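Q: Below are the chains, spelled out letter by letter.
6 protein chains.
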Amino acid sequence: MSEVEEFRSFRSKMNEKVLAADNKVLKRIFSLDTLAFKEGTLDEKTKEIIGLTTSLVLRCDDCVKYHLEKCKEVGFTNDQIIEGMSIANLIGGTIVIPHLRRAMAYLEALDEHETEV
Amino acid sequence: MSEVEEFRSFRSKMNEKVLAADNKVLKRIFSLDTLAFKEGTLDEKTKEIIGLTTSLVLRCDDCVKYHLEKCKEVGFTNDQIIEGMSIANLIGGTIVIPHLRRAMAYLEALDEHETEV
Amino acid sequence: MSEVEEFRSFRSKMNEKVLAADNKVLKRIFSLDTLAFKEGTLDEKTKEIIGLTTSLVLRCDDCVKYHLEKCKEVGFTNDQIIEGMSIANLIGGTIVIPHLRRAMAYLEALDEHETEV
Amino acid sequence: MSEVEEFRSFRSKMNEKVLAADNKVLKRIFSLDTLAFKEGTLDEKTKEIIGLTTSLVLRCDDCVKYHLEKCKEVGFTNDQIIEGMSIANLIGGTIVIPHLRRAMAYLEALDEHETEV
Amino acid sequence: MSEVEEFRSFRSKMNEKVLAADNKVLKRIFSLDTLAFKEGTLDEKTKEIIGLTTSLVLRCDDCVKYHLEKCKEVGFTNDQIIEGMSIANLIGGTIVIPHLRRAMAYLEALDEHETEV
Amino acid sequence: MSEVEEFRSFRSKMNEKVLAADNKVLKRIFSLDTLAFKEGTLDEKTKEIIGLTTSLVLRCDDCVKYHLEKCKEVGFTNDQIIEGMSIANLIGGTIVIPHLRRAMAYLEALDEHETEV
Chain A
21 MSEVEEFRSF RSKMNEKVLA ADNKVLKRIF SLDTLAFKEG TLDEKTKEII GLTTSLVLRC
81 DDCVKYHLEK CKEVGFTNDQ IIEGMSIANL IGGTIVIPHL RRAMAYLEAL DEHETEV
Chain B
21 MSEVEEFRSF RSKMNEKVLA ADNKVLKRIF SLDTLAFKEG TLDEKTKEII GLTTSLVLRC
81 DDCVKYHLEK CKEVGFTNDQ IIEGMSIANL IGGTIVIPHL RRAMAYLEAL DEHETEV
Chain C
21 MSEVEEFRSF RSKMNEKVLA ADNKVLKRIF SLDTLAFKEG TLDEKTKEII GLTTSLVLRC
81 DDCVKYHLEK CKEVGFTNDQ IIEGMSIANL IGGTIVIPHL RRAMAYLEAL DEHETEV
Chain D
21 MSEVEEFRSF RSKMNEKVLA ADNKVLKRIF SLDTLAFKEG TLDEKTKEII GLTTSLVLRC
81 DDCVKYHLEK CKEVGFTNDQ IIEGMSIANL IGGTIVIPHL RRAMAYLEAL DEHETEV
Chain E
21 MSEVEEFRSF RSKMNEKVLA ADNKVLKRIF SLDTLAFKEG TLDEKTKEII GLTTSLVLRC
81 DDCVKYHLEK CKEVGFTNDQ IIEGMSIANL IGGTIVIPHL RRAMAYLEAL DEHETEV
Chain F
21 MSEVEEFRSF RSKMNEKVLA ADNKVLKRIF SLDTLAFKEG TLDEKTKEII GLTTSLVLRC
81 DDCVKYHLEK CKEVGFTNDQ IIEGMSIANL IGGTIVIPHL RRAMAYLEAL DEHETEV
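Chains as they are written, first to last, in our numbering: chain A, 21 to 137; chain B, 21 to 137; chain C, 21 to 137; chain D, 21 to 137; chain E, 21 to 137; chain F, 21 to 137.
Simulated from the structure, these hints should not be mistaken for laboratory data.
Check before you lean on any hint, since a few could be wrong.
Said to hold, decoys possible - Okay, derived cross-link-like pairs now, DMTMM-like style, lysine to aspartate or glutamate, Cα gap no bigger than 25 Å in a straight line:
id, chain 1, residue 1, chain 2, residue 2
1, D, Lys92, A, Asp42
2, B, Lys47, F, Glu59
3, A, Lys37, C, Glu59
Said to hold, decoys possible - For each label pair, taking beta carbons as the anchor points, the in silico distance ranges come out as:
id, chain 1, residue 1, chain 2, residue 2, range
4, D, Glu93, A, Asp99, 50 to 56 Å
5, C, Asp131, F, Asp81, 41 to 47 Å
6, A, Thr97, C, Ala40, 36 to 42 Å
7, C, Asp131, A, Glu23, 52 to 58 Å
8, C, Asp42, F, Lys47, 42 to 48 Å
9, B, Lys44, F, Arg28, 25 to 31 Å
10, B, Thr61, E, Lys44, 56 to 62 Å
Here the structure is a predicted model, which is why all the values come from computation and not from measurement.
All residues carry an ideal CB built from backbone N, CA and C; glycine is no exception.
Only chain A is shown next, with the shape it has when bound in the complex:
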């Protein structure tokens, strides 16, 4: 299984289990997550790049992976994504670099995955 498939499959399997636990707070956090990224006074693209860059400064690899996918879906080019990540790197410092390296590898994995499908 490719890195992309592995990430997606663990993520969706465990999300289901979280929701199955039937905890109201967790359920509402999950549904809020959907609501927050819908077009509002800010368009979807702006929101997705916010999702990516805040995830990167907070150094959450899985969140970065998820938002890399979303950023590509809403139409950002790799150059734009990398430019967004460069701001996150400056704000978050060199401590972010290992996460950037993994983000670059995942961006590549996403591109390969596209080609194969």
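Mind docking chains B, C, D, E and F on chain A? Use the hints.
A: Okay, now just chains B, C, D, E and F, sitting in the frame of chain A:
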């Protein structure tokens, strides 16, 4: 002195002192900060909202104040700014709320400051 | 105005303004906050001490102040509160100490405030 | 080797090596860790749920695994553990979700491990 | 009262109250803090600059103030202190800059305080 | 491939890709990283132990691995490295322990790697 003036005056006074210390690394970090927010493959507005939201999830009040000013300068409305901050609040959690409260107060102070000038 | 009154008054004034901004995501985060601390399979006391200690390791002074009040309200003694904070201090490290100092001062301010009222 | 055994074995092997390094500060931190979680004015259960939730907001997977085990040992049900984690998730934000997914998977691994033994 | 005196007086007053609370864990953390910075295989100067820079990347203003004092006491020049802080700034990112500004102001306040005494 | 080789190979492969992306901000952050650790008013050894300990309190395993290598290169003994890490552990709290365990394992892997080469 208003909150806005106090913030700006301490910030610019101390920035000068940092630069006067003549440390190459600090000087380059400061000039990188200017470079990073210039229009590139992403436009200035997108970059500024990234600056604001990453600052908010990292819970840096002064960084938030600075980027609130910049966001208004590049043309975001208060509603758009608040919508951006709402995403940061969801991603960063309720621990961000006290910083949001101070951000809202500063946004108001900025509006009042504009009117007076 | 005492430290306690000042904190409460700024907090409630700005919470109102946040809610007045009429942003759905923020409104739901606020109402989730109420829901999460209601008695469930864990009792209210346990939830409040969780609120306090997580706020302390995340080094959010205002969140700590708020949860100190709540912890006293649900019946924790100062000794119990301090014991909870000692765990947070060990887990979060000596970087937490300045926040502990401010928490101790606020705990005292709360006791004085009670006596006066 | 199951996930549970792998975690425990690496943890205890490396803890021994840390202690063997014969550094006074590290040794005392380790012994403080034992002291802090002993029953005092707060009972052991309360302390363990504090250990779990502070670890979760600080997004430390290994600390979460360790405290999940302890929480089960002192008698928390899975529902109570999940309710505790839901508060941590709200306070720490959606950035905590990937850690929650891994915590849920480990909780399941612990249950399977129990059954096998 | 100068910024230096105010910081020192609040710090020592509250430290006393923390210790008076007679919590074993907190007492041991405090005494460990003294032990950790004593000369060992690393000399005191190296340890103090570690104290300063780790405090700065963790963005704890009070910890930074305390370690600025200690760094000067053990003989670091302002240039060396600023060079140490520049590394912390690069590693921790531009989010550290507001803390650097306050550190620079405190360094100045310390120098003025010396002159007066 | 040993842990040491795996780390180095992924690191250098991805660093190349980051630089190949030809983003000015990222390129300058990378070159600043080299500049910052060069001897100045502080010597190289002091700078490397700062690099290690700040990485550890920020809980970045890959940054720790990199600085462990550098600390050994500039002549620190394992005892000195561990003493530096003990300060980081006290400042950063027990949440740092899992990262310390991994650091100890990598220190051992580095020693084995040396012997083999």
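Q: If a hint holds in the structure, say so; if it doesn't, say that too.
A: Each hint tested on the structure:
1. For the hint linking Lys92 of chain D to Asp42 of chain A, the alpha-carbon distance of about 19 Å falls within 25 Å, and the restraint holds.
2. Restraint check for Lys47 of chain B and Glu59 of chain F: the C-alpha separation of about 17 Å stays at or below 25 Å, so the hint holds.
3. For the proposed pair Lys37 of chain A and Glu59 of chain C, the alpha carbon gap of about 23 Å is at most 25 Å, so the pair holds.
4. Checked against the hint of 50 to 56 Å, the C-beta distance between Glu93 of chain D and Asp99 of chain A comes to roughly 52 Å, which is consistent with it.
5. One distance hint, 41 to 47 Å for the beta-carbon pair Asp131 of chain C and Asp81 of chain F, holds here, with the actual separation near 44 Å.
6. For the pair Thr97 of chain A and Ala40 of chain C, the beta carbons lie near 39 Å from each other, so the given range of 36 to 42 Å is met.
7. For the pair Asp131 of chain C and Glu23 of chain A, the beta carbons lie near 56 Å from each other, so the given range of 52 to 58 Å is met.
8. For Asp42 of chain C paired with Lys47 of chain F, a C-beta distance near 44 Å keeps the hint of 42 to 48 Å intact.
9. Checked against the hint of 25 to 31 Å, the pair Lys44 of chain B and Arg28 of chain F passes, with Cβ atoms roughly 28 Å apart.
10. Distance hint check for Thr61 of chain B and Lys44 of chain E: the Cβ-Cβ separation is about 57 Å, which falls inside the suggested range of 56 to 62 Å.
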